[in-house]
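J.: In the order they appear, the protein sequences are chains A and B. For what it's worth, the UniProt record's numbering labels the leading residue of the first sequence as 1, then goes sequentially. For what it's worth, the UniProt record's numbering labels the leading residue of the second sequence as 1, then goes sequentially.
These are calculated hints, taken from the structure and not from any lab test. Quick caveat, the model's predicted, so the values are computed rather than measured. Cβ coordinates follow ideal geometry from the N, Cα and C atoms, glycine included. Be aware that a few hints might be false.
Calculated from the model, a selection of chain A residues having no Cβ within reach of chain B, i.e. all distances over 10 Å [to be verified]:
| hint | residue |
| --- | --- |
| 1 | His25 |
| 2 | Ala47 |
| 3 | Gly63 |
| 4 | Thr67 |
| 5 | Asp69 |
| 6 | Ala86 |
| 7 | Ala177 |
| 8 | Arg181 |
| 9 | Arg226 |
Computed Cβ-Cβ distance ranges for the label pairs, DEER-style [unchecked claim]:
| hint | chain 1 | residue 1 | chain 2 | residue 2 | range |
| --- | --- | --- | --- | --- | --- |
| 10 | A | Ala262 | B | Val100 | 35 to 43 Å |
| 11 | A | Pro244 | B | Pro56 | 45 to 53 Å |
| 12 | A | Ala262 | B | His169 | 30 to 38 Å |
| 13 | B | Asp43 | A | Pro105 | 30 to 38 Å |
| 14 | B | Asp66 | A | Thr147 | 50 to 58 Å |
| 15 | B | Lys75 | A | Pro157 | 30 to 38 Å |
Here is how the chains run, residue by residue.
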Amino acid sequence: MQLPAHFEYQRARSVEHALALLSRHGPEARLIAGGHSLIPMMKLRLAQPELLIDINEVPELGGIEITEDEIRIGALVRHTQLLDCAEVGRSAPMLHDAERVIADPLVRNRGTVGGSVCQADPSEDLSGAFSALRAVADIAGPAGERTVPMRGFFHGPYQTAVGPDELLLRLRVPLPAPGLRTGSAYRKVSRRAGDWAVGAAGAAVTLAPDGTVAEVGIGLTALGAREFVATEAEDLLRGQRPTPEAIDAAGRAAAQHCEPVADQRGPVEYKRHLAGELTRRVLRDALARAGGR
Amino acid sequence: MTLVDPRRDPAAAAPVPNGFGPMLRKEDGRFVRGRGRFVDDIDLPGMLHGAVLRSPYAHARIVSIDTGGALAHPKVRAVITGADLERRGMAWLPTLSHDVAAVLATDKVRYQGQEIAFVVAEDRYSARDALALIDVEYEPLAPVVDARRALDPDAPLVRDEVPGRADNHVFDWEAGDAAATDAAFAAAEHVSTCDLLYPRVHPAPLETCGIVAALDPVTDRLVVHCTTQAPHAHRTLYATLTGIPEHRIRIVAPDIGGGFGNKVALYPGYLCAVYAATITGAPVKWTEDRSENLMSTSFARDYHMHGEIAATKDGRITGLRVRVLADHGAFNGTSQPSKFPAGFFHIFTGSYAIQAAHCRVTGVYTNKAPGGVAYACSFRITEASYLVERMVDVLAFDLGLDPAQVRRKNLLRPEQFPYRCATGWVYDSGDYPRALEQALEMAEYAELRAEQAQRRAEYERTGEGALLGIGLSTFTEAVGAGPKKQMDIGGLGMADAAELSVHPDGTAELRLSCMSQGQGHETTFAQIIAHELGISPYAVNVVQGDTDRTPFGLGTYGSRSTPVSGAAAATAARRVRERAKLVAAAMLEISPADLEWEAGRWQVRGDPAAGASLAEIARAAHGSLELPDDLEGQLSGRCVYNPPNLTFPFGAYVCVVEVDPGTGQVRVRRFVAVDDCGVRINPTVVEGQIHGGLADGIGMALMEVLAFDTDGNHLGASFMDYLLPTALECPSWELGQTVTPSPHHPLGAKGIGESATVGAPAAVVNAVLDAIGVRHADMPLTPAQVWSAMRGRPLRTDLAVR
Ligand SMILES: Cc1cc2nc3c(=O)[nH]c(=O)nc-3n(C[C@H](O)[C@H](O)[C@H](O)COP(=O)(O)OP(=O)(O)OC[C@H]3O[C@@H](n4cnc5c(N)ncnc54)[C@H](O)[C@@H]3O)c2cc1C
Numbered sequence: 001m002q003l004p005a006h007f008e009y010q011r012a013r014s015v016e017h018a019l020a021l022l023s024r025h026g027p028e029a030r031l032i033a034g035g036h037s038l039i040p041m042m043k044l045r046l047a048q049p050e051l052l053i054d055i056n057e058v059p060e061l062g063g064i065e066i067t068e069d070e071i072r073i074g075a076l077v078r079h080t081q082l083l084d085c086a087e088v089g090r091s092a093p094m095l096h097d098a099e100r101v102i103a104d105p106l107v108r109n110r111g112t113v114g115g116s117v118c119q120a121d122p123s124e125d126l127s128g129a130f131s132a133l134r135a136v137a138d139i140a141g142p143a144g145e146r147t148v149p150m151r152g153f154f155h156g157p158y159q160t161a162v163g164p165d166e167l168l169l170r171l172r173v174p175l176p177a178p179g180l181r182t183g184s185a186y187r188k189v190s191r192r193a194g195d196w197a198v199g200a201a202g203a204a205v206t207l208a209p210d211g212t213v214a215e216v217g218i219g220l221t222a223l224g225a226r227e228f229v230a231t232e233a234e235d236l237l238r239g240q241r242p243t244p245e246a247i248d249a250a251g252r253a254a255a256q257h258c259e260p261v262a263d264q265r266g267p268v269e270y271k272r273h274l275a276g277e278l279t280r281r282v283l284r285d286a287l288a289r290a291g292g293r
Numbered sequence: 001m002t003l004v005d006p007r008r009d010p011a012a013a014a015p016v017p018n019g020f021g022p023m024l025r026k027e028d029g030r031f032v033r034g035r036g037r038f039v040d041d042i043d044l045p046g047m048l049h050g051a052v053l054r055s056p057y058a059h060a061r062i063v064s065i066d067t068g069g070a071l072a073h074p075k076v077r078a079v080i081t082g083a084d085l086e087r088r089g090m091a092w093l094p095t096l097s098h099d100v101a102a103v104l105a106t107d108k109v110r111y112q113g114q115e116i117a118f119v120v121a122e123d124r125y126s127a128r129d130a131l132a133l134i135d136v137e138y139e140p141l142a143p144v145v146d147a148r149r150a151l152d153p154d155a156p157l158v159r160d161e162v163p164g165r166a167d168n169h170v171f172d173w174e175a176g177d178a179a180a181t182d183a184a185f186a187a188a189e190h191v192s193t194c195d196l197l198y199p200r201v202h203p204a205p206l207e208t209c210g211i212v213a214a215l216d217p218v219t220d221r222l223v224v225h226c227t228t229q230a231p232h233a234h235r236t237l238y239a240t241l242t243g244i245p246e247h248r249i250r251i252v253a254p255d256i257g258g259g260f261g262n263k264v265a266l267y268p269g270y271l272c273a274v275y276a277a278t279i280t281g282a283p284v285k286w287t288e289d290r291s292e293n294l295m296s297t298s299f300a301r302d303y304h305m306h307g308e309i310a311a312t313k314d315g316r317i318t319g320l321r322v323r324v325l326a327d328h329g330a331f332n333g334t335s336q337p338s339k340f341p342a343g344f345f346h347i348f349t350g351s352y353a354i355q356a357a358h359c360r361v362t363g364v365y366t367n368k369a370p371g372g373v374a375y376a377c378s379f380r381i382t383e384a385s386y387l388v389e390r391m392v393d394v395l396a397f398d399l400g401l402d403p404a405q406v407r408r409k410n411l412l413r414p415e416q417f418p419y420r421c422a423t424g425w426v427y428d429s430g431d432y433p434r435a436l437e438q439a440l441e442m443a444e445y446a447e448l449r450a451e452q453a454q455r456r457a458e459y460e461r462t463g464e465g466a467l468l469g470i471g472l473s474t475f476t477e478a479v480g481a482g483p484k485k486q487m488d489i490g491g492l493g494m495a496d497a498a499e500l501s502v503h504p505d506g507t508a509e510l511r512l513s514c515m516s517q518g519q520g521h522e523t524t525f526a527q528i529i530a531h532e533l534g535i536s537p538y539a540v541n542v543v544q545g546d547t548d549r550t551p552f553g554l555g556t557y558g559s560r561s562t563p564v565s566g567a568a569a570a571t572a573a574r575r576v577r578e579r580a581k582l583v584a585a586a587m588l589e590i591s592p593a594d595l596e597w598e599a600g601r602w603q604v605r606g607d608p609a610a611g612a613s614l615a616e617i618a619r620a621a622h623g624s625l626e627l628p629d630d631l632e633g634q635l636s637g638r639c640v641y642n643p644p645n646l647t648f649p650f651g652a653y654v655c656v657v658e659v660d661p662g663t664g665q666v667r668v669r670r671f672v673a674v675d676d677c678g679v680r681i682n683p684t685v686v687e688g689q690i691h692g693g694l695a696d697g698i699g700m701a702l703m704e705v706l707a708f709d710t711d712g713n714h715l716g717a718s719f720m721d722y723l724l725p726t727a728l729e730c731p732s733w734e735l736g737q738t739v740t741p742s743p744h745h746p747l748g749a750k751g752i753g754e755s756a757t758v759g760a761p762a763a764v765v766n767a768v769l770d771a772i773g774v775r776h777a778d779m780p781l782t783p784a785q786v787w788s789a790m791r792g793r794p795l796r797t798d799l800a801v802r
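Whenever a hint applies, use it, and build me the whole structure from the sequences.
T.: The following block contains the structure:
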């Protein structure tokens, strides 16, 4: 059995309480949500926090809410909850595509949306998905609340905009204006069910009434894309008709501008190929869902 | 009067056969309820906990070890280093392959994860914490990582502690007739050659290895609870290593959560725990964690093979030649019969009538963990079977022939048995063409080929869609080691024993030298006794794993339990039956010659109403009945079974895969497995063994591998890196069977524990390569490997991907 080093434990009752504990105990304290990233790291002694602040019973952090113009997902929403929410599946099917291929039911039952993005693992599927969807993050800290766009949230591997005395409250996914045709999709290549991505891509497309691409978001996971997105590919498509040639060009751009690293999941050449191949496939899927093809 | 609650009596729940046939496993009640008792469940009063400090380097000289910090920890009771063991002559232990291995490193470390020190503390957390307080100064050395460079003149020396040693060469070994094989190749119409790697993999049992060692101060005996597949062999080894005589050692293997050969060897942690128990006077538990298990305990395979196959233009095989480079890691620690340095690899002509065959195996040292014979390999028949099944497909590829057709042309025919193969094995029995035809029929082979052609055309036209691949494997196994005059392990002949006692009430106790790790011995062996004595399997208590309560024998691995211990149990039961006959004759006051055995009773020939049931006989045998002078009272029998030959199970597998050419992803759509293991004692247990092995096959073919980077870092030290297949990667297995009884086994049974692990990998690999039209690429066929192979640049899977 792998055993963590000694740590203290406190249960936070509210956001305010969690923040107070964070400022009292300083950077050696860590929030714990589902624990599926943090506890394995503690068992391998890659992380040795002195205090765990358990936020699992903080009521403000739970729940999914869907309004006219956005989906609000509490930081403590479990993967399973997101997957079980039919409305999320309708408004942002990419999130369901992604959730279906994240880990396994055991991990999904405990792991949280907030923990996933705060972990900022380069292979975290939701990072690519929320970045493609241009979500924004609401963060609470000693000085109050602030909002950071997803594209700007990730500062590097395992580093985010959330400061050591701050806490992620929720993610908000903007919904396109009613009447516009829109679709999104996510695909992942892995060596086995439950394995982290060799590479994955997500695309969200909104079509203008004339059939051109009004807005597009392309996320890449585990492929070394800056901020998990393929902006060059997005720029190529925006305002264009989504023809097979345009999609191919977007795929090529996505492949060209990412910087994957070789590991046991595959060599750079292959991962770069996947960036292009998966970008093309998710764009086609998203367009099909938007009824644009 | 009864204390038995009929609702809780499993015997009452479902009718079971008084003998062979499907029945639920007797042991599963406790397993599915979480009531198994494993080594780590054992908690003795005053027990201390051990933890092992391991090397971060693959190759480094140890300059100094300072244990002061750890000893100052308030809960630490002892810290043991190689120097402490050296003083007792225990720093090195002899292996089962004529080498020695370090217990705790003294001079240098030779692989990442090697044991350096052992901390004993009051709880397992403190033991772990204290590891960080030990200071080791290393002087890193260049490691030998690539086996293919191990014999280079400038390769670093792994075993420089051996005086006069100048290279990393372990052994050369050959089998078959080299000259005849050369002649067959010289005369051949066609020769295909191929380099293939069976990469280093790991058995990865769910339960890792562990021990609780205790010295009983009252009896002055060493009591060891341990995850061992071979309790009696371990007792002998502990006696040799510690000097404690065998009668003062008791080994107990409680429930074991999977072994696959990983729990045959005696590991440094065990010896340290025994030593720690001696110096602290307290019981000491050590349980390794997952990374420790994957990094330091017996791996499997690691064979780099150069195969050559000679044939006529129409695909009749005339010769097979193999050169093998075997990576044995830092110590030659393979657990196998001592006269077979390459295990049973030389059964590599498989199921085919190949007149000329020769193999040459060279073992080398590298800076990797020792091991090599594990993971249901039947002593390296996995490697042999993969080699020949792949070479047959390469031949078919080169000649443009259908792989099924090439197999049909070359399979041994039933009338050729018993068959002596070119390297000397005598196959006991088989009907290979029948198994192949059955498998092809179940798979609807012709229809599959048609679908394949159609999908390929579609893909070529549109660039879209999945490719279909069909892979065959017609393998032969050789299990049940083995005849004492050829096979021993560490000098112990490979015979096993069984002791059977029938109690006064007619229920029985069977004591075995083999040890289940999940194979279902409590059921299968009870059914053997039930079959022989006509009683319920629930009337038989099967005892295994405790050297104080079981007869000597070598244990469970190499699919040998049913072939060897099963034969011993059946023979012991027959002896009991014969003795029961004499008792019955005394009871009935009749000549034994006038009695006949019928469904659990001896009865008078011609007067079936006159007779005695086994229970009545048992009662009488334990009672006051006057018995003939030469007949002992009570009712028991034993047998030490020395098998006359191995048993030769075989099978024909068809794997059907779909490959996404755009991503390289493989989906196993179907798997048809026709197995012949002779008589099936419990068909359900047999199918369970096959299911597990087929999953292993998918695992090895598609995802499992232990690779190392250029610094010798182990790249598979967790279950995030070392991938085992899940239910989602496995199709619903389609099983078929033929039954060709073993002519020399008392029950006609052959081993089945490893057949599918031996036969399946080649079927999966053949299918994937068939789908993408590639001649060869090494396992595991991950998406990246498939994609790279399609581009003509397959990866070297034993090294870090770059
Ligand atoms: C076996 C396994 C397989 C997996 N496979 C995948 C996969 O295929 N794809 C994938 O994307 N993920 C995968 N994961 C990761 C899984 O999705 C994440 O572990 C999980 O969702 C992270 O959430 P958590 O709630 O468990 O985070 P925790 O482990 O509790 O926390 C992770 C980090 O986030 C911080 N944190 C948590 N909540 C907040 C908050 N509200 N505000 C600020 N900081 C916070 C913590 O302090 C910690 O640093 C896998 C995990 C496991 C164990």
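J.: Determine for every hint whether it applies to the structure shown.
T.: Each hint tested on the structure:
Chain B leaves histidine 25 of chain A outside its interface by the beta-carbon criterion, the shortest separation being 21 Å against a cut-off of 10 Å. Under the 10 Å C-beta cut-off, the non-interface status given to alanine 47 of chain A relative to chain B holds; the minimum distance is some 14 Å. Residue placement check: glycine 63 of chain A keeps its beta carbon more than 10 Å from all beta carbons of chain B (closest about 31 Å). Against chain B, the non-interface label of threonine 67 of chain A holds: every CB pair exceeds 10 Å, the least being about 36 Å.
At roughly 36 Å, the least C-beta separation between aspartate 69 of chain A and chain B is larger than 10 Å, which holds for a residue marked as non-interface. The claim that alanine 86 of chain A lies off the interface holds: its Cβ sits roughly 24 Å from the closest Cβ of chain B, which is beyond the 10 Å cut-off. No beta-carbon of chain B is positioned within 10 Å of the beta-carbon of alanine 177 of chain A; the least distance is around 34 Å. No beta-carbon of chain B is positioned within 10 Å of the beta-carbon of arginine 181 of chain A; the least distance is around 24 Å.
Remark: the non-interface label on arginine 226 of chain A is consistent with the geometry, its nearest Cβ contact in chain B lying 23 Å away (cut-off 10 Å). Hint check: alanine 262 of chain A to valine 100 of chain B, Cβ distance near 38 Å, so the stated range 35 to 43 Å holds. The beta-carbon spacing between proline 244 of chain A and proline 56 of chain B, approximately 52 Å, falls within the hinted interval of 45 to 53 Å. Range check, alanine 262 of chain A to histidine 169 of chain B: Cβ separation about 33 Å, and the 30 to 38 Å hint holds.
Taking 30 to 38 Å as the suggested C-beta distance range, the pair aspartate 43 of chain B and proline 105 of chain A conforms, at roughly 32 Å. Separated by about 53 Å at the C-beta atoms, aspartate 66 of chain B and threonine 147 of chain A satisfy the suggested range of 50 to 58 Å. Here the CB-CB span from lysine 75 of chain B to proline 157 of chain A is close to 36 Å, well matched to the stated 30 to 38 Å.
Going through the hint list in order, the structure satisfies each hint without exception.
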